Amino acid sequence: MSKKISGKNIKSKSHDSTSKIKKESTARFNYPFMDYTKPVALVSGLIIIAFLSVIMSKGFVYGIDFAGGIEMQVQFDQPVEVSKVRSFTSEMGYKGASVQALGEENEYLIRLESIKGKDEKETNSMINAMISKVTAGLGSSFQGLGPKVRRVDSVGPQIGDELKKNGLLAVLYSLLMILVYVGLRFDYKYAPGAVFCLFHDAIITLGIYSLFGREVNVQTMAAILTIIGYSLNDTIVTFDRIRENREKYKHANFKELINISINETLSRTLLTSVTTLLAVLAMYFLAGGVIKDFAFTLAIGVVVGTFSSIYIASPLVLFADYIQNKKEAAKA
Numbered sequence: 001m002s003k004k005i006s007g008k009n010i011k012s013k014s015h016d017s018t019s020k021i022k023k024e025s026t027a028r029f030n031y032p033f034m035d036y037t038k039p040v041a042l043v044s045g046l047i048i049i050a051f052l053s054v055i056m057s058k059g060f061v062y063g064i065d066f067a068g069g070i071e072m073q074v075q076f077d078q079p080v081e082v083s084k085v086r087s088f089t090s091e092m093g094y095k096g097a098s099v100q101a102l103g104e105e106n107e108y109l110i111r112l113e114s115i116k117g118k119d120e121k122e123t124n125s126m127i128n129a130m131i132s133k134v135t136a137g138l139g140s141s142f143q144g145l146g147p148k149v150r151r152v153d154s155v156g157p158q159i160g161d162e163l164k165k166n167g168l169l170a171v172l173y174s175l176l177m178i179l180v181y182v183g184l185r186f187d188y189k190y191a192p193g194a195v196f197c198l199f200h201d202a203i204i205t206l207g208i209y210s211l212f213g214r215e216v217n218v219q220t221m222a223a224i225l226t227i228i229g230y231s232l233n234d235t236i237v238t239f240d241r242i243r244e245n246r247e248k249y250k251h252a253n254f255k256e257l258i259n260i261s262i263n264e265t266l267s268r269t270l271l272t273s274v275t276t277l278l279a280v281l282a283m284y285f286l287a288g289g290v291i292k293d294f295a296f297t298l299a300i301g302v303v304v305g306t307f308s309s310i311y312i313a314s315p316l317v318l319f320a321d322y323i324q325n326k327k328e329a330a331k332a
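In terms of the working numbering, the sequence shown opens at residue 1 and continues consecutively.
If you are wondering where the hints come from, they were derived from the structure by calculation, not from laboratory data. Take these hints with a grain of salt, some might be off.
Said to hold, decoys possible - Each computed DSSO-like pair below joins lysine-lysine, with the alpha-carbon atoms no more than 30 Å apart:
(1) LYS116 <-> LYS84
(2) LYS121 <-> LYS189
(3) LYS38 <-> LYS95
(4) LYS165 <-> LYS118
(5) LYS248 <-> LYS165
(6) LYS116 <-> LYS133
(7) LYS189 <-> LYS250
(8) LYS58 <-> LYS189
(9) LYS164 <-> LYS292
(10) LYS250 <-> LYS58
To be verified - The calculated label-pair distances, taken between Cβ atoms and stated as ranges, are:
(11) PRO32 <-> LYS292: 38 to 44 Å
(12) LYS292 <-> GLU122: 43 to 49 Å
(13) HIS251 <-> LYS331: 19 to 25 Å
(14) PRO79 <-> GLU120: 22 to 28 Å
(15) ASN30 <-> VAL152: 57 to 63 Å
(16) ASN253 <-> GLY45: 21 to 27 Å
(17) GLU244 <-> GLY96: 43 to 49 Å
(18) ASN30 <-> PRO79: 52 to 58 Å
(19) ILE291 <-> LYS118: 36 to 42 Å
(20) ASN124 <-> GLU104: 19 to 25 Å
(21) TYR173 <-> ILE208: 37 to 43 Å
(22) GLY183 <-> ASN253: 21 to 27 Å
In this text, all values refer to a predicted model and were calculated from it rather than measured experimentally. Ideal Cβ placement from N, Cα and C applies to all residues, glycine included.
Take the sequences, apply the hints, and build the full model.
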C-alpha cells in the first residue's frame, strides 16, 4: 500500500515540475520533438545503412592529394570546348585523364594518373618528363589560342597513401577527444549521443560524395572536420540547456524537459544555421575551384548537423537516461 502511495507522489511531483517548467519557459516554440524519435531514428538508420552501402560498393573518387598524380591548370586566350581538351589528353596517350572546366570555357584543370618508377628518383624523372610532354603538346595542338600552364601540382602514390591515412586518423582522433571532453564536461550518458551524432554527419556527407562521384581530397577532409566542430557546438548548447533545466527541475519528466530545452534553444539554432548557410551558399555560387568544393561540403554539414543535434544527440541522451534508471531499479 505504501509503495503505491510513493509512486503516486513521485508521479505528482514529476507532473508539478513539468507544469512549472512549462510556465517558466521562455521558449517561443512548443514542438514535441521527442514524440517522433522512433520514426526519425528508423529513417536515419535506413539512410546511414544506405550510404554505408554506397560507400562500400562505389568507394570514393580520390583527388590528386590522395590518389597521387599530376594536376595542371591550363588557361587559353580564347574559349575552347572541353571535348577538344579531352581529345588532346587521349591523343597524348593519357586515356585515364580527367578534364574539369574552371568557370569560363577558357580555363581547365587536367588531372593525369600517377606513375611510379623503380625508386623515388626515377619516379620524379618520369613526372617531369610527363609535364614537359603535356606542356609541349598544348603549344602544338592549340596554336593561336595561347595556352598557358598556370599551375602544376604533383603527388607521388606513396605520399598520397600517407595523406589518406593521416586524414582518416585526424577524424578518428578528433572524435575520440570529443568523446572524452563531453564525458568529462557533462556526464557519461551525454557523450555517446554527441559522438554518434558526429559519425552520422560525417557518414552522410561522405555518402553523398560517393553517390555523386565527387572528388575527395584534403580540402574535403578539412571541411568534414569543420562540420564536426560546427555540429558539436550546436549539440553542446542544447546539452547545456538540458543540464541547467535538469538541475533546476529535478523531479520533471526527463522527456518533457528535453523537449522544452530544445525549444528554448531552437531560435538560436535556426538563426545560426540559416546565417551560416547563407554565407556558405554565397561562397558556393560566387567562388570556384577549391572554395566551391569546400562550401558544398559545409552546406551539407550545416543542414545535417542541425538535424542531428535535435533528433540524434538528444534522443540518445534520453535513451541513456532510460538505461541508467532501469539499472538502478534492478539494483534496488
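Hint check results:
| no. | hint | in the structure |
| --- | --- | --- |
| 1 | LYS116 <-> LYS84 | 28 Å, holds |
| 2 | LYS121 <-> LYS189 | 54 Å, violated |
| 3 | LYS38 <-> LYS95 | 50 Å, violated |
| 4 | LYS165 <-> LYS118 | 23 Å, holds |
| 5 | LYS248 <-> LYS165 | 46 Å, violated |
| 6 | LYS116 <-> LYS133 | 17 Å, holds |
| 7 | LYS189 <-> LYS250 | 17 Å, holds |
| 8 | LYS58 <-> LYS189 | 36 Å, violated |
| 9 | LYS164 <-> LYS292 | 21 Å, holds |
| 10 | LYS250 <-> LYS58 | 50 Å, violated |
| 11 | PRO32 <-> LYS292: 38 to 44 Å | 39 Å, holds |
| 12 | LYS292 <-> GLU122: 43 to 49 Å | 36 Å, violated |
| 13 | HIS251 <-> LYS331: 19 to 25 Å | 21 Å, holds |
| 14 | PRO79 <-> GLU120: 22 to 28 Å | 40 Å, violated |
| 15 | ASN30 <-> VAL152: 57 to 63 Å | 59 Å, holds |
| 16 | ASN253 <-> GLY45: 21 to 27 Å | 26 Å, holds |
| 17 | GLU244 <-> GLY96: 43 to 49 Å | 57 Å, violated |
| 18 | ASN30 <-> PRO79: 52 to 58 Å | 57 Å, holds |
| 19 | ILE291 <-> LYS118: 36 to 42 Å | 39 Å, holds |
| 20 | ASN124 <-> GLU104: 19 to 25 Å | 34 Å, violated |
| 21 | TYR173 <-> ILE208: 37 to 43 Å | 24 Å, violated |
| 22 | GLY183 <-> ASN253: 21 to 27 Å | 25 Å, holds |
In terms of the numbered hints stated before, the structure departs from hints 2, 3, 5, 8, 10, 12, 14, 17, 20, 21, listed from lowest to highest.
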